[in-house]
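Protein chains: 2
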Amino acid sequence: MAKILRGEPVADAILDEMKIRCGKLAEKGIIPTLVILRVGDKAADIAYERGAAKRCRMIGARVFSIVLPEDATKDEVLAQVERINKDDTIHGCLMFRPLKNRDIESAACRMLDPAKDLDCVTAASLGNVFIGRSDRYAPCTAHACVEMLNYYGYDIKGKRVTVIGASIVVGKPLSVLLVNRSGTVTMCHIDTVNTPHHARDAEILISAAGVAKLVGREYLSPGQVVLDVGINRDENGKLCGDVDYEAAAEIVDAITPVPGGIGAITSAVLMKHLVEAAERETE
Amino acid sequence: MAKILRGEPVADAILDEMKIRCGKLAEKGIIPTLVILRVGDKAADIAYERGAAKRCRMIGARVFSIVLPEDATKDEVLAQVERINKDDTIHGCLMFRPLKNRDIESAACRMLDPAKDLDCVTAASLGNVFIGRSDRYAPCTAHACVEMLNYYGYDIKGKRVTVIGASIVVGKPLSVLLVNRSGTVTMCHIDTVNTPHHARDAEILISAAGVAKLVGREYLSPGQVVLDVGINRDENGKLCGDVDYEAAAEIVDAITPVPGGIGAITSAVLMKHLVEAAERETE
Numbered sequence: 062m063a064k065i066l067r068g069e070p071v072a073d074a075i076l077d078e079m080k081i082r083c084g085k086l087a088e089k090g091i092i093p094t095l096v097i098l099r100v101g102d103k104a105a106d107i108a109y110e111r112g113a114a115k116r117c118r119m120i121g122a123r124v125f126s127i128v129l130p131e132d133a134t135k136d137e138v139l140a141q142v143e144r145i146n147k148d149d150t151i152h153g154c155l156m157f158r159p160l161k162n163r164d165i166e167s168a169a170c171r172m173l174d175p176a177k178d179l180d181c182v183t184a185a186s187l188g189n190v191f192i193g194r195s196d197r198y199a200p201c202t203a204h205a206c207v208e209m210l211n212y213y214g215y216d217i218k219g220k221r222v223t224v225i226g227a228s229i230v231v232g233k234p235l236s237v238l239l240v241n242r243s244g245t246v247t248m249c250h251i252d253t254v255n256t257p258h259h260a261r262d263a264e265i266l267i268s269a270a271g272v273a274k275l276v277g278r279e280y281l282s283p284g285q286v287v288l289d290v291g292i293n294r295d296e297n298g299k300l301c302g303d304v305d306y307e308a309a310a311e312i313v314d315a316i317t318p319v320p321g322g323i324g325a326i327t328s329a330v331l332m333k334h335l336v337e338a339a340e341r342e343t344e
Numbered sequence: 062m063a064k065i066l067r068g069e070p071v072a073d074a075i076l077d078e079m080k081i082r083c084g085k086l087a088e089k090g091i092i093p094t095l096v097i098l099r100v101g102d103k104a105a106d107i108a109y110e111r112g113a114a115k116r117c118r119m120i121g122a123r124v125f126s127i128v129l130p131e132d133a134t135k136d137e138v139l140a141q142v143e144r145i146n147k148d149d150t151i152h153g154c155l156m157f158r159p160l161k162n163r164d165i166e167s168a169a170c171r172m173l174d175p176a177k178d179l180d181c182v183t184a185a186s187l188g189n190v191f192i193g194r195s196d197r198y199a200p201c202t203a204h205a206c207v208e209m210l211n212y213y214g215y216d217i218k219g220k221r222v223t224v225i226g227a228s229i230v231v232g233k234p235l236s237v238l239l240v241n242r243s244g245t246v247t248m249c250h251i252d253t254v255n256t257p258h259h260a261r262d263a264e265i266l267i268s269a270a271g272v273a274k275l276v277g278r279e280y281l282s283p284g285q286v287v288l289d290v291g292i293n294r295d296e297n298g299k300l301c302g303d304v305d306y307e308a309a310a311e312i313v314d315a316i317t318p319v320p321g322g323i324g325a326i327t328s329a330v331l332m333k334h335l336v337e338a339a340e341r342e343t344e
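Protein sequences appear in the order of chains D and P.
Residue numbering for the first sequence follows the numbering used here, beginning at 62 and increasing consecutively.
Residue numbering for the second sequence follows the numbering used here, beginning at 62 and increasing consecutively.
It should be emphasised that the hints constitute simulated quantities derived from the structure, not laboratory data.
Since we're looking at a predicted model, the values are computed, not measured.
A portion of the hints provided could be inaccurate.
The list cannot tell twin chains apart, which means a pair is met if one copy fits it or any two copies do.
[To be verified] Taking lysine to aspartate or glutamate and the DMTMM-like style, the derived pairs with C-alpha atoms no more than 25 Å apart in a straight line are:
(1) Lys274 / Asp314
(2) Lys161 / Asp102
(3) Lys218 / Asp252
(4) Lys115 / Glu279
(5) Lys85 / Glu311
(6) Lys115 / Glu340
(7) Lys135 / Glu344
(8) Lys299 / Glu78
(9) Lys80 / Asp305
(10) Lys147 / Asp174
(11) Lys274 / Glu143
(12) Lys89 / Glu311
(13) Lys80 / Glu166
(14) Lys103 / Glu279
(15) Lys115 / Asp77
(16) Lys80 / Glu110
(17) Lys147 / Glu344
(18) Lys218 / Asp262
(19) Lys115 / Glu311
(20) Lys299 / Glu311
(21) Lys299 / Glu69
If we strip away everything but chain D, and leave its shape as in the complex, we get:
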C-alpha cells in the first residue's frame, strides 16, 4: 500500500514557524494584516474565509474581509482594490476568483499592488515565478505542492515530473517552480495526445486537471509519488480528487488524499506569504 501524504502535518509545521515569526514582528510593533476581497456569498468562498481567519488567529495575524454585493459594478470593485493598495496597515490581499466576470477580474488583478499580491494574481507576481525571486509570491496552491514534497523529503532535482493541467492558477506556474528546483518537467493538458504515456513515465506525477478520477491505472506506475491537486465531486456527490485513489494506493509509492492533502496546505502557505509581506516592512 502506498504511503499517504497528509497535508495537515505540513500545514502545522508551516504555521508553527509563522507563529514564531509573527512573535518577532509583534516585538517591532508589526501585526501582519490580511484583507480578503469577496464579491457575493458563495459557500466555498465563505468556508475558505473562515479557515483563513482561524489560521490568522493561530499565528497572531489580523484578518478582515471586504465584501461587496453580488451585483457590484466594476468601479465599485476597483475602488476597493485602490483602497487596499493605499492602506499601509494592510500587508496582503486575497481576492476570491472567479471575481464576478472576466473583465472585472482582470482589471482588479492588473490594479492590485504586486507587493500585496499573496496569491499571484498580478502579471508582475506571475513574472517573478520565472525569475525565481523569493520576495514575491507564487500561487498558493502551486507553492503548496512544493511544500508537500519538501516536507516529506522528496527531492525534485533531476526527477522526471509530469504535470497534468495547464491552468494559470496551478499547472503553468507550478511547472516553472519545479524547473526552478531542477526538475525535468513535462506539461500535459487537454490537447495532449497520450497523457497516460507521459504520466507513467514520471517519478513525480501531479494532477491539477479538475476532472474527477481522470488519473486511472493506465496513468500510474510503481515507485511514483503522486500529488492530487483536483477537488471535484464524484457521481455520488462525494469530494474526490483527479486520481483514482484506490488504484493509486495499490500501485504507487506515495499519494496525497483528497480531501486532506494539498488543499489542507494552501491556507498555511497564504499565511507564509502574509508573514513574508509583513517582514518586508522591516527591511
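Given chain D, put chain P in place with the hints provided.
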C-alpha cells in the same frame, strides 16, 4: 536530407507586414520609435544595433541609441530608464543584457515601463507570457521560434515538444508560449538525467542551451523538426549552434541553420513588437 528552415524568408514576411502597418500609422501621424539602451561598446551589441537600425529604416520606423560609458553608475543607468519611461515619443525600448552587473540590470528591468518593454525584461511582461495577453511582448528570441514554426506550417497543437535549456530569456518563457499553443512540452536543462531520451521522444526539438554541438545523433530521431537557438563558437572559432548540424541533416525532417536560422528572425520580431506598441497609441 533534412529540409533547411532559413530565417530570412520568415523575417522578410514579418517586415513586409510591418512596413504596411507603419504606413497606416504614418497616416495618423505616428512613427514607431525605438530606443536602444547600451552600456559600453561590446562588438556583439553594436552589430545587433546596426541590424536593428537597418530594419527600422526598412519598415519606416525611427531608432536611436542611448549609450553610457562602460563605467556608468547605477544611478546613471536608472536615470536613463526613467527618461525613456517619461518620453511619450518613445514607443519601445531594447536594453542590451548583461547590463553592467546583475544589481544594475535587475534594477533597470524592474524600472522599465512594461508598455515599452519590447523584449520582456520586466516581471509584468514575463507574467503576461503565462496569461497569454496579446498586447504585451514575449522575449524576441522565444517569439522567433514560434514565428519560425508558424511560417513553415508546423502545427504545435498536440505535438510533443522538448526544449533544452531553462533560461529566463528563452527556455522557460518559450516552453509556456508553446503550452499556450497546446503543445505538450518537456523542459530539460543541466540537471536533467537523460536529456537524449527526452530529446529523441520529441516531434519538435528546440535547443537553447548555448553549448556548441551538444545535440548529437543520440538526441535525434527521424521525422523531427529541430530548431537550433544556440549561437556558439566551435573549436576553430567558427559560429555554430547547439546541434551537430551534419548529423541532424542526415536524420531529421527539418532543421534551422546557425547562422541564418532563429537568429535571423529576432530583430524582425523586435520590429513587430515595436509596431504593436505604437499601434496601442491609437486605441
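Evaluated hints:
| no. | hint | in the structure |
| --- | --- | --- |
| 1 | Lys274 / Asp314 | within (18 Å within a copy, 39 Å between copies) |
| 2 | Lys161 / Asp102 | within (11 Å within a copy, 52 Å between copies) |
| 3 | Lys218 / Asp252 | between (27 Å within a copy, 7 Å between copies) |
| 4 | Lys115 / Glu279 | neither (40 Å within a copy, 56 Å between copies) |
| 5 | Lys85 / Glu311 | neither (46 Å within a copy, 65 Å between copies) |
| 6 | Lys115 / Glu340 | within (21 Å within a copy, 50 Å between copies) |
| 7 | Lys135 / Glu344 | between (35 Å within a copy, 21 Å between copies) |
| 8 | Lys299 / Glu78 | neither (34 Å within a copy, 55 Å between copies) |
| 9 | Lys80 / Asp305 | neither (36 Å within a copy, 56 Å between copies) |
| 10 | Lys147 / Asp174 | both (9 Å within a copy, 21 Å between copies) |
| 11 | Lys274 / Glu143 | neither (41 Å within a copy, 53 Å between copies) |
| 12 | Lys89 / Glu311 | neither (52 Å within a copy, 68 Å between copies) |
| 13 | Lys80 / Glu166 | neither (32 Å within a copy, 36 Å between copies) |
| 14 | Lys103 / Glu279 | neither (36 Å within a copy, 55 Å between copies) |
| 15 | Lys115 / Asp77 | within (14 Å within a copy, 61 Å between copies) |
| 16 | Lys80 / Glu110 | within (19 Å within a copy, 54 Å between copies) |
| 17 | Lys147 / Glu344 | within (19 Å within a copy, 29 Å between copies) |
| 18 | Lys218 / Asp262 | both (16 Å within a copy, 21 Å between copies) |
| 19 | Lys115 / Glu311 | neither (36 Å within a copy, 64 Å between copies) |
| 20 | Lys299 / Glu311 | within (21 Å within a copy, 56 Å between copies) |
| 21 | Lys299 / Glu69 | within (20 Å within a copy, 58 Å between copies) |
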